[in-house]
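*Asks:* These are the residues of each chain, in order.
There are 2 protein chains.
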Amino acid sequence: MSSKGNLIILSGPSGTGKGTVCKKLFAQNSNITYSVSATTRLPRPGEENGREYYFVSKDEFENMITQNQLLEWANVYGNYYGTPLNKINELRAQGIDVLLEIDTQGALNVMEKAADGIFIFLLPPSLAELEKRIRGRGTETAEVIKKRLDAAIDEIALGQHYNYLVVNNNIDTAVEQITAIILAEKCRTSRNIDIINKIKTEEI
Amino acid sequence: MSSKGNLIILSGPSGTGKGTVCKKLFAQNSNITYSVSATTRLPRPGEENGREYYFVSKDEFENMITQNQLLEWANVYGNYYGTPLNKINELRAQGIDVLLEIDTQGALNVMEKAADGIFIFLLPPSLAELEKRIRGRGTETAEVIKKRLDAAIDEIALGQHYNYLVVNNNIDTAVEQITAIILAEKCRTSRNIDIINKIKTEEI
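So the sequences go chain by chain: A and B. Our numbering numbers the first residue of the first sequence as 36 and each following residue consecutively. Our numbering numbers the first residue of the second sequence as 36 and each following residue consecutively.
Treat the hints loosely; a few may be bogus.
[What the hints assert, rightly or not] With a Cα cut of at most 30 angstroms, we get these calculated DSBU-like pairs of lysine-lysine:
1. K53/B - K221/A
2. K122/B - K221/B
3. K58/A - K39/A
4. K221/B - K148/A
[Said to hold, decoys possible] Part of the chain A face toward chain B, derived, beta carbon under 7 angstroms:
5. S161
6. I191
7. Y199
8. V201
9. L218
10. T224
11. I230
12. I231
13. E237
[Claimed, not checked] Facing chain A, from chain B, some residues (calculated, C-beta under 8 angstroms):
14. L158
15. L162
16. I188
17. I191
18. G194
19. Y197
20. V201
21. Q212
22. I216
23. T224
24. I228
25. I231
26. I234
27. E237
In case anyone wonders, no lab produced these hints; they're calculated from the structure. Computed from a predicted structure; not experimentally measured. Yeah, the Cβ is synthetic: ideal placement off N, Cα and C, and Gly gets one too.
Looking at chain A on its own, in the form it has when it is part of the complex (with noise of 0.2 angstroms):
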């Protein structure tokens, strides 16, 4: 099984419950950790800055990008959002599973530059359930659950695009799930040519 740590895309539209998953497979899972993004949003209350995001001037990010520190960026809403290169390598070199949560447009991004990356993409029961999620957070207008939805319809269309699909109708099914894609991630061909070279010389 190889040894070298993977690095996990979860994606989906806004509202499928990416964030619900991530907690409870990291509860479950030691040896995954998240990828931190850096953002130049505002914190909402309660986020701490290197905890849910690195919060950084439109200045320093657009610095980021010129450096190419970044395996992804994306400007959503106004926003940038993007991924730190360095650090993900530095887990990875030391066997750990490092687990990206980002939009779909992120995740697209990410597809052109690390081929090795395991494509997870989770979607909703179905539309309806969507939009009763959206609501449900109570924090946005009417015309941005609108935009959401309009967008979710085609975001789903890009999971077609991925390595997998799971449907988060149940949170505990679709983390069981995940945690089985991991595991027989590395146990693919791809990641373990060298344990047939070392078995094939070895001397008897």
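We have chain A already, so just place chain B on it with the hints.
*Replies:* Positioned in the frame of chain A, the structure of chain B alone reads:
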């Protein structure tokens, strides 16, 4: 998650513990079933027709070949072994996963015919350990042991053509990995494109 049963092919050199791994896998997963092979070799003590194998005559077997009723077949050490196709398709349509435990020659044939199969190669932890296991059976002559070990070295190179490599160092770990592979494959995008289409066309 795909509701069609998958075809899982577990293969590897003689002596890697395919049979033991399968027994434990079946004990823990009620939704997986064996594909019972047909063979022209004589039953060993305790083997039952229709359970370990369908024991058939050479004429009967050659008839199945010409009637195209086998997913794969091979002649190993002078005996025919093959996989009847009709039963597999029936089970998969019912949502049951079907596992073929076959030798590497048979698996290569299945690769050509079943592109949607999940090919898992079971490796011994080392050649030294494999030799110990083959000797440990106590049923083989020195000549047969040497022949099998030489064959195993050639066969291990075939592992590169499989989707997954599982090292059978610890049986529980190997079974856990295979269980994860089977669940993960049910979430593969290529097996679930209909989910995307269904959500996209939903009326809200």
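*Asks:* Are the hints correct? Go through all of them and say.
*Replies:* Here is what the structure says about each hint:
With a CA separation close to 20 angstroms, the supplied pair K53/B and K221/A stays within the 30 angstroms bound. A C-alpha spacing of about 21 angstroms is found between K122/B and K221/B, which places the hinted pair at or below 30 angstroms, so the restraint holds. Restraint check for K58/A and K39/A: the C-alpha separation of about 23 angstroms stays at or below 30 angstroms, so the hint holds. With a CA separation close to 26 angstroms, the supplied pair K221/B and K148/A stays within the 30 angstroms bound.
Of the supplied interface hints, the one on S161/A holds, with its beta-carbon coming within about 6 angstroms of a beta-carbon of chain B, less than 7 angstroms. Given hint, I191/A at the interface with chain B, holds; its Cβ is 5 angstroms from that chain's nearest Cβ, closer than 7 angstroms. Taken as an interface hint, Y199/A checks out: its beta carbon lies about 5 angstroms from the nearest beta carbon of chain B, inside 7 angstroms. Annotation: interface hint on V201/A holds; nearest CB of chain B at approximately 6 angstroms, less than 7 angstroms.
At its closest, the beta carbon of L218/A sits 4 angstroms from a beta carbon of chain B; the interface hint therefore holds under the 7 angstroms criterion. At its closest, the beta carbon of T224/A sits 5 angstroms from a beta carbon of chain B; the interface hint therefore holds under the 7 angstroms criterion. Here the hint on I230/A is kept, as its CB sits about 6 angstroms from the closest CB of chain B, short of 7 angstroms. Interface hint status for I231/A: upheld, as the beta-carbon distance to the closest one in chain B is roughly 5 angstroms, under 7 angstroms.
The closest approach between the C-beta of E237/A and any C-beta of chain B is roughly 5 angstroms, which is under the 7 angstroms cut-off, so the hint is satisfied. Using the Cβ-Cβ criterion of 8 angstroms, the hint placing L158/B at the interface with chain A is satisfied: the shortest such distance is roughly 6 angstroms. A cut of 8 angstroms between beta carbons decides the hint on L162/B: the least distance to chain A is about 5 angstroms, and the hint holds. Interface hint status for I188/B: upheld, as the beta-carbon distance to the closest one in chain A is roughly 7 angstroms, under 8 angstroms.
For I191/B, the interface hint holds, the least distance from its beta-carbon to any beta-carbon of chain A being 5 angstroms, beneath 8 angstroms. Checking G194/B against chain A by beta carbon gives a least distance of about 5 angstroms; that is within 8 angstroms, so the hint holds. A cut of 8 angstroms between beta carbons decides the hint on Y197/B: the least distance to chain A is about 6 angstroms, and the hint holds. The restraint placing V201/B at the interface with chain A holds, with a minimum CB-CB distance near 6 angstroms, inside the 8 angstroms limit.
Taking 8 angstroms as the C-beta contact cut-off toward chain A, the hint placing Q212/B at the interface holds, the least distance being around 5 angstroms. Using the Cβ-Cβ criterion of 8 angstroms, the hint placing I216/B at the interface with chain A is satisfied: the shortest such distance is roughly 4 angstroms. The criterion of a C-beta within 8 angstroms of any C-beta in chain A is met by T224/B, whose closest approach is roughly 5 angstroms, and the hint holds. A distance limit of 8 angstroms between C-beta atoms decides the matter here; for I228/B the minimum to chain A is near 6 angstroms, and the interface restraint holds.
The interface hint given for I231/B is met, as the beta carbon of that residue sits about 5 angstroms from the closest beta carbon of chain A, less than 8 angstroms. Of the supplied interface hints, the one on I234/B holds, with its beta-carbon coming within about 5 angstroms of a beta-carbon of chain A, less than 8 angstroms. Satisfaction of the interface hint for E237/B is found here, the shortest Cβ-Cβ separation to chain A being roughly 5 angstroms, below the 8 angstroms cut-off.
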